[in-house]
Amino acid sequence: MATSSIFAKVRIDDPKKAEAFIDALEASENKPRRKSSIPVKPPVTDIDEIKKFMTKRFPG
Numbered sequence: 933m934a935t936s937s938i939f940a941k942v943r944i945d946d947p948k949k950a951e952a953f954i955d956a957l958e959a960s961e962n963k964p965r966r967k968s969s970i971p972v973k974p975p976v977t978d979i980d981e982i983k984k985f986m987t988k989r990f991p992g
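Those letters in the sequence shown? Residues 933 to 992, by my numbering.
Keep in mind that the hints were calculated from the coordinates and are not lab data.
Just so you know, nobody snuck in bad clues.
Ranges of calculated distance between the beta carbons of each label pair, as one might list FRET restraints: (1) L957 with E981: 43 to 49 Å; (2) D946 with P971: 45 to 51 Å; (3) A940 with K963: 17 to 23 Å; (4) E981 with A950: 55 to 61 Å.
DSS-like mimics (lysine-lysine), calculated; alpha carbons at most 27 Å apart, straight line: (5) K941 with K963; (6) K963 with K948; (7) K949 with K963; (8) K984 with K973; (9) K973 with K988; (10) K963 with K973; (11) K983 with K973.
Every residue gets a Cβ at the ideal spot worked out from N, C-alpha and C, and that includes glycine.
Could you put together the complete structure from these sequences and hints?
What follows is the structure, encoded as structure tokens:
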């Protein structure tokens, strides 16, 4: 989706539709953030660990 679509002008003339739009914005604001299904491992920064990994031989 193009990022320019978030800058589109919205014109709502019907008060009921305006209320529904506001309700939808409020509902999305209260929605909990998505949680990862697997834990995220931090990057390896230890030099010795990196060397050990890089020297490991893989079959193939």
